[in-house]
Amino acid sequence: MPQLSDSWQTGEIPGPKKASLIVKPDIADALILRARRPIMIVGHGILEYEVEGCKLIDCLIELAKKGKIPVIVTASTSKEFLARNFAPAAILPAVDIANRLTDPSWKGLDGKDSYDLAIFVGLPYSMEWTILSGLKHFAPGVKTMTLDCVYQPNASWSFPNSTIKEWAASLRAIVENLGD
Amino acid sequence: MSRKGVSFRAKEINSDVAQIRDLSISIGAIHEERWDERMGPTPFPSLSTLRSWDHLLLNRYKPFYLPFCDLCCLCTYGKCDLTGTKRGACGITMPAQQSRMVLIAACIGAATHTSHARHLLTHVIEEFGRDCLINVGGTSVEVEAPISRLVCGVKPETLGDLEPVLDYCENQITQLLAVTHTGQEGSNLDFESKVFHAGMVDHVGMEVADIAQISALGFPKADPVSSMADLGLGTVDTTKPVILVIGHNVPPATSIIDYLRTNGILSEVEVTGICCTALDVTRYSDRAKIVGPISWQLRYIRSGVPDVVVIDEQCVRTDTILEAAKIKAPLIATNDKNCLGLPDRTNDPIDEIVSDFVSGIVPGALILDSHKVGEIAVRVALGIAPKRKKQGNLPAKEQIIAFAKKCTQCMLCRRACPNDLPVPQAIKPAAGGNLAPLNELYDDCIGCGRCESACTQKIPVHSLIVGAAEKQTREETFCLRTGRGPIQDVEIRKVGGPLVLGEIPGVVAFVGCANFPKGSREVAEMCMEFANRRYIVCTSGCAAMSAGMYKDEDGKTAYEKYSGAFEAGGIVNVGSCVSNAHISGAAIKIASIFAKRPLRGNYEEIADYVYNRVGAVGVAWGAMSQKAASIAAGFWRLGIPVVVGPHGTKYRRMLLGRADKDEDWMVYDARSGEKVYGGPVPEHLFFAAETKEEAMVMIAKLTMRPNDTSKGRANKLANYIDLHKRHIGGIPPDVHQLVRVVADIPLTMKTEILEHLHAHDWKESPIPDPTLLSRMVHTRRDER
Numbered sequence: 001m002p003q004l005s006d007s008w009q010t011g012e013i014p015g016p017k018k019a020s021l022i023v024k025p026d027i028a029d030a031l032i033l034r035a036r037r038p039i040m041i042v043g044h045g046i047l048e049y050e051v052e053g054c055k056l057i058d059c060l061i062e063l064a065k066k067g068k069i070p071v072i073v074t075a076s077t078s079k080e081f082l083a084r085n086f087a088p089a090a091i092l093p094a095v096d097i098a099n100r101l102t103d104p105s106w107k108g109l110d111g112k113d114s115y116d117l118a119i120f121v122g123l124p125y126s127m128e129w130t131i132l133s134g135l136k137h138f139a140p141g142v143k144t145m146t147l148d149c150v151y152q153p154n155a156s157w158s159f160p161n162s163t164i165k166e167w168a169a170s171l172r173a174i175v176e177n178l179g180d
Numbered sequence: 181m182s183r184k185g186v187s188f189r190a191k192e193i194n195s196d197v198a199q200i201r202d203l204s205i206s207i208g209a210i211h212e213e214r215w216d217e218r219m220g221p222t223p224f225p226s227l228s229t230l231r232s233w234d235h236l237l238l239n240r241y242k243p244f245y246l247p248f249c250d251l252c253c254l255c256t257y258g259k260c261d262l263t264g265t266k267r268g269a270c271g272i273t274m275p276a277q278q279s280r281m282v283l284i285a286a287c288i289g290a291a292t293h294t295s296h297a298r299h300l301l302t303h304v305i306e307e308f309g310r311d312c313l314i315n316v317g318g319t320s321v322e323v324e325a326p327i328s329r330l331v332c333g334v335k336p337e338t339l340g341d342l343e344p345v346l347d348y349c350e351n352q353i354t355q356l357l358a359v360t361h362t363g364q365e366g367s368n369l370d371f372e373s374k375v376f377h378a379g380m381v382d383h384v385g386m387e388v389a390d391i392a393q394i395s396a397l398g399f400p401k402a403d404p405v406s407s408m409a410d411l412g413l414g415t416v417d418t419t420k421p422v423i424l425v426i427g428h429n430v431p432p433a434t435s436i437i438d439y440l441r442t443n444g445i446l447s448e449v450e451v452t453g454i455c456c457t458a459l460d461v462t463r464y465s466d467r468a469k470i471v472g473p474i475s476w477q478l479r480y481i482r483s484g485v486p487d488v489v490v491i492d493e494q495c496v497r498t499d500t501i502l503e504a505a506k507i508k509a510p511l512i513a514t515n516d517k518n519c520l521g522l523p524d525r526t527n528d529p530i531d532e533i534v535s536d537f538v539s540g541i542v543p544g545a546l547i548l549d550s551h552k553v554g555e556i557a558v559r560v561a562l563g564i565a566p567k568r569k570k571q572g573n574l575p576a577k578e579q580i581i582a583f584a585k586k587c588t589q590c591m592l593c594r595r596a597c598p599n600d601l602p603v604p605q606a607i608k609p610a611a612g613g614n615l616a617p618l619n620e621l622y623d624d625c626i627g628c629g630r631c632e633s634a635c636t637q638k639i640p641v642h643s644l645i646v647g648a649a650e651k652q653t654r655e656e657t658f659c660l661r662t663g664r665g666p667i668q669d670v671e672i673r674k675v676g677g678p679l680v681l682g683e684i685p686g687v688v689a690f691v692g693c694a695n696f697p698k699g700s701r702e703v704a705e706m707c708m709e710f711a712n713r714r715y716i717v718c719t720s721g722c723a724a725m726s727a728g729m730y731k732d733e734d735g736k737t738a739y740e741k742y743s744g745a746f747e748a749g750g751i752v753n754v755g756s757c758v759s760n761a762h763i764s765g766a767a768i769k770i771a772s773i774f775a776k777r778p779l780r781g782n783y784e785e786i787a788d789y790v791y792n793r794v795g796a797v798g799v800a801w802g803a804m805s806q807k808a809a810s811i812a813a814g815f816w817r818l819g820i821p822v823v824v825g826p827h828g829t830k831y832r833r834m835l836l837g838r839a840d841k842d843e844d845w846m847v848y849d850a851r852s853g854e855k856v857y858g859g860p861v862p863e864h865l866f867f868a869a870e871t872k873e874e875a876m877v878m879i880a881k882l883t884m885r886p887n888d889t890s891k892g893r894a895n896k897l898a899n900y901i902d903l904h905k906r907h908i909g910g911i912p913p914d915v916h917q918l919v920r921v922v923a924d925i926p927l928t929m930k931t932e933i934l935e936h937l938h939a940h941d942w943k944e945s946p947i948p949d950p951t952l953l954s955r956m957v958h959t960r961r962d963e964r
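Those protein sequence lines, which keep their order, are chains A and B. Residue 1 is where the first sequence starts when you use this note's numbering, and the numbers rise one by one after that. Residue 181 is where the second sequence starts when you use this note's numbering, and the numbers rise one by one after that.
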């Protein structure tokens, strides 16, 4: 296995500014609780994961509900959310939502205010890598956090490389820590 | 038309008034006008001629940069950290640096096509003469070179007429490359404008290349029923000597065919190809076979089937010499752009070279004479095939198991894989004899071989995958309609109205390389989906092969199932990479032939027409190369959106519209001159989709244009909404932005769409006669 903060894809070497590690779930909780206007962007990759009979999409739905985080779904991810009676705040392609996040005058999906924390999960690794790079450079007002099981160096905060089991446990812990 | 290099010399002239000795007069070109169309405003545009047009587009589709590297390392001031708002030692910013890198990529692409065109043109002029007439479709194609006519304002009639067109391209590419030097351009938008310029020049270069080879080499001439060619590893007759050609520049391959024909042995040797040389050699002889796209190089060579490997230029693996040596197949390099460190044997006697190859004394040689290559490749194949006995180096089942047992599950192969394929998870069961998971990776593997470079145990991972799929490779028996070249003028006349009015919902062109996120099959599925929906589907390059590498439930490939005509529901293979010019050319011809817009040197007006009225979309689902970048840029300048796969974000920036900003979508209504809202169409100019499903929905959306009639918009909306419902779920959330008047609503969806419109406080907006150019506003008679 790679080191905790190695890029998952070996060649995707980051620049001088690298993501801080979310070494324990409390950090993610603190970032979510501290955020004024968080948003979560969920790609189709999340649909692949299941641990001990539990789909990780269910965990994300719980996280969104408890953290009161609007969810933007990309690609075909929407259907699975709707099948679970959870209506995403929007369906937008990943590059489209990322582009809007770089616009400081964008007032969000509801037209009220800009977002200050963007949580990414489930996009193809290299696509997420480049999108996070775009945000790192051009969205200074937005912190980014990834909840994937691999390290994303261009985020502000990223999970370390971990096994699916460890990752699922961390996601569950984040949800539990948020309380009711 | 211009004639190059006219010179006159006289040793001595005596007359009543003077005596002249050693007179020498050279004239760069003689201009002989044979085209009565009035010259437009922008013939042979310079770097800045079309800048204002570019900025109109770039103002709407502002670049969203996705830095692939945070540093600049192009000069010795560096490396410079450009993170965020930092500037480099030369003062450059991150946006400018990213657009500079995009320009470098586009220059590489344009230079590659243009130098390919120059090589081809020089070759065919040597063979057939400068006065050889251009013929790309007889009387069916009177607008033989729409891009050259549009950009350069010239109407080429002979091969020689194409030379000054290429001179222009070479000149522009040199200037564009100079722009990327330290301390030149500093504005990202001006870099982007130059990217568009490189793309436009690229399409000119591609057009020249394909016109030259169609005219001189007898390729299909705008033929909608061009012959079918075999496609796939399983089509190769392995009992015969086999020659493999790889690359893009076809003369060595046609020389091989010529030698076989001349000696009456065409049926005794298999000529197989990978990449665009394969496509073009099947345009020359339908006995040639296509093995597959660029990603088939390693798997085919390692199969041991080829007895001789002949490479030319572009997209050839640089380790081909090593791979060929492993199967004891000699390699012949034929192009001075790709010498691979091999000894130059061009001037050696043929018998000597053949003997050295057949006896195995030399593994490869550089031979820069295509005629010689033709003879040598055939004679070596015939001589060496009985000795080689198709010796490959793909592992048998027992060897796969043995290799799999060495795996330490370190994950480095997976971490090296561009598609993050679960290789270690597939190798683990292989160690116990279950090869099925490895076999399952075959379709998604792009054949890059990075997994092998990463392996600390020296496991030939790619070979394990291909070896596990051995049965599947033998069943790769598909077919492809050979590249037809241009679209006929009469086809343009037939579809121009239905396209502009929207009865045909759009033209979707699947082009480019094979860096697919999930295998070739997705391209074939998308082609069939849009053909079934009565779009006009075009294919070219590796995507054209991928489109044919899948059979439906009736066992038919896309090319067997659908017509090859440029019509609703057709799947039109135009040919190789350089044939992409016929796709942009078709869009230009719609403006010129159908709408009768002046073509000559009139870029802005034609691009404005295409952008606002012709619902064309390019799709480069596996775009990998710099050439793909320049091809896309050529489409962008014409206002044609391009969709790429998820790897496409590595091109460093998207060109995205903001549908939520009404002020971005204002157009002139040419009837009144007023600025009115034209709607967010086409929404994006360069867009990376995450999945095939997202791509299909976006493609349908991007065919919409502000000029759509209500009938046309309803047709486009019906397809968009249906695809969205099927693949994303529900009515698209932006339908209210795309319905302008009630008549736009598809009849079968009226109730649900009206509900959506009411929920979004929708109001009707008039359909303009749209243009981005104030000069295109109709002038009232009394103002003229």
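Keep in mind that the hints are not guaranteed to be accurate.
[Said to hold, decoys possible] Here are the computed lysine-lysine pairs in the DSS-like style, where the Cα-Cα straight-line distance is at most 30 Å: (1) LYS841(B) / LYS891(B); (2) LYS698(B) / LYS55(A); (3) LYS608(B) / LYS165(A); (4) LYS698(B) / LYS638(B); (5) LYS107(A) / LYS943(B); (6) LYS165(A) / LYS586(B); (7) LYS698(B) / LYS107(A); (8) LYS18(A) / LYS830(B); (9) LYS17(A) / LYS930(B); (10) LYS143(A) / LYS79(A); (11) LYS242(B) / LYS18(A); (12) LYS930(B) / LYS79(A); (13) LYS608(B) / LYS107(A); (14) LYS242(B) / LYS143(A); (15) LYS143(A) / LYS259(B); (16) LYS68(A) / LYS905(B); (17) LYS855(B) / LYS943(B); (18) LYS112(A) / LYS943(B).
[Unchecked claim] A few chain A residues facing chain B, derived, Cβ under 8 Å: (19) GLN3; (20) HIS44; (21) GLU48; (22) SER78; (23) PHE138.
Source of the hints: derived by calculation from the structure; they are not laboratory data. Yeah, the Cβ is synthetic: ideal placement off N, Cα and C, and Gly gets one too.
Status of the hints after comparison with the structure:
1. A C-alpha spacing of about 26 Å is found between LYS841(B) and LYS891(B), which places the hinted pair at or below 30 Å, so the restraint holds.
2. Restraint check for LYS698(B) and LYS55(A): satisfied, since their Cα atoms lie roughly 23 Å apart, inside the 30 Å limit.
3. Annotation: proposed proximity of LYS608(B) to LYS165(A) holds, straight-line Cα distance about 19 Å (limit 30 Å).
4. For the hint linking LYS698(B) to LYS638(B), the alpha-carbon distance of about 26 Å falls within 30 Å, and the restraint holds.
5. Of the supplied pair hints, the one linking LYS107(A) and LYS943(B) holds, its CA atoms being roughly 23 Å apart against a limit of 30 Å.
6. Restraint check for LYS165(A) and LYS586(B): satisfied, since their Cα atoms lie roughly 26 Å apart, inside the 30 Å limit.
7. Simply put, LYS698(B) and LYS107(A) have alpha-carbon atoms about 36 Å apart, too far for the 30 Å limit, and the pair is violated.
8. For the hint linking LYS18(A) to LYS830(B), the alpha-carbon distance of about 19 Å falls within 30 Å, and the restraint holds.
9. Of the supplied pair hints, the one linking LYS17(A) and LYS930(B) is violated, its CA atoms being roughly 52 Å apart against a limit of 30 Å.
10. The suggested pairing of LYS143(A) with LYS79(A) holds, with an alpha-carbon distance near 28 Å, which does not exceed 30 Å.
11. Distance hint between LYS242(B) and LYS18(A) is fulfilled; the C-alpha atoms sit about 27 Å from each other, no more than 30 Å.
12. Distance hint between LYS930(B) and LYS79(A) is fulfilled; the C-alpha atoms sit about 23 Å from each other, no more than 30 Å.
13. With a C-alpha separation of about 50 Å, the suggested pairing of LYS608(B) with LYS107(A) is violated against the 30 Å cut-off.
14. For the given pair, LYS242(B) sits about 23 Å from LYS143(A) by alpha-carbon distance, which is consistent with the 30 Å threshold.
15. With a C-alpha separation of about 26 Å, the suggested pairing of LYS143(A) with LYS259(B) holds against the 30 Å cut-off.
16. Pair hint LYS68(A) plus LYS905(B) holds up; C-alpha atoms about 27 Å apart against a cutoff of 30 Å.
17. This hinted pair checks out: LYS855(B) and LYS943(B) have alpha carbons roughly 18 Å apart, not beyond 30 Å.
18. This hinted pair checks out: LYS112(A) and LYS943(B) have alpha carbons roughly 23 Å apart, not beyond 30 Å.
19. Here the hint on GLN3(A) is broken, as its CB sits about 11 Å from the closest CB of chain B, past 8 Å.
20. A hinted interface residue such as HIS44(A) counts as satisfied when its beta carbon comes closer than 8 Å to some beta carbon of chain B; here the least separation is about 6 Å, so the hint holds.
21. The restraint placing GLU48(A) at the interface with chain B is violated, with a minimum CB-CB distance near 10 Å, outside the 8 Å limit.
22. Hint status for SER78(A) relative to chain B: holds, with the closest Cβ pair at about 5 Å, below 8 Å.
23. Annotation: PHE138(A) was flagged as interfacial toward chain B, and the flag holds, the nearest CB pair being 6 Å apart, inside 8 Å.
Consistency note: the structure conflicts with the earlier hints numbered 7, 9, 13, 19, 21.
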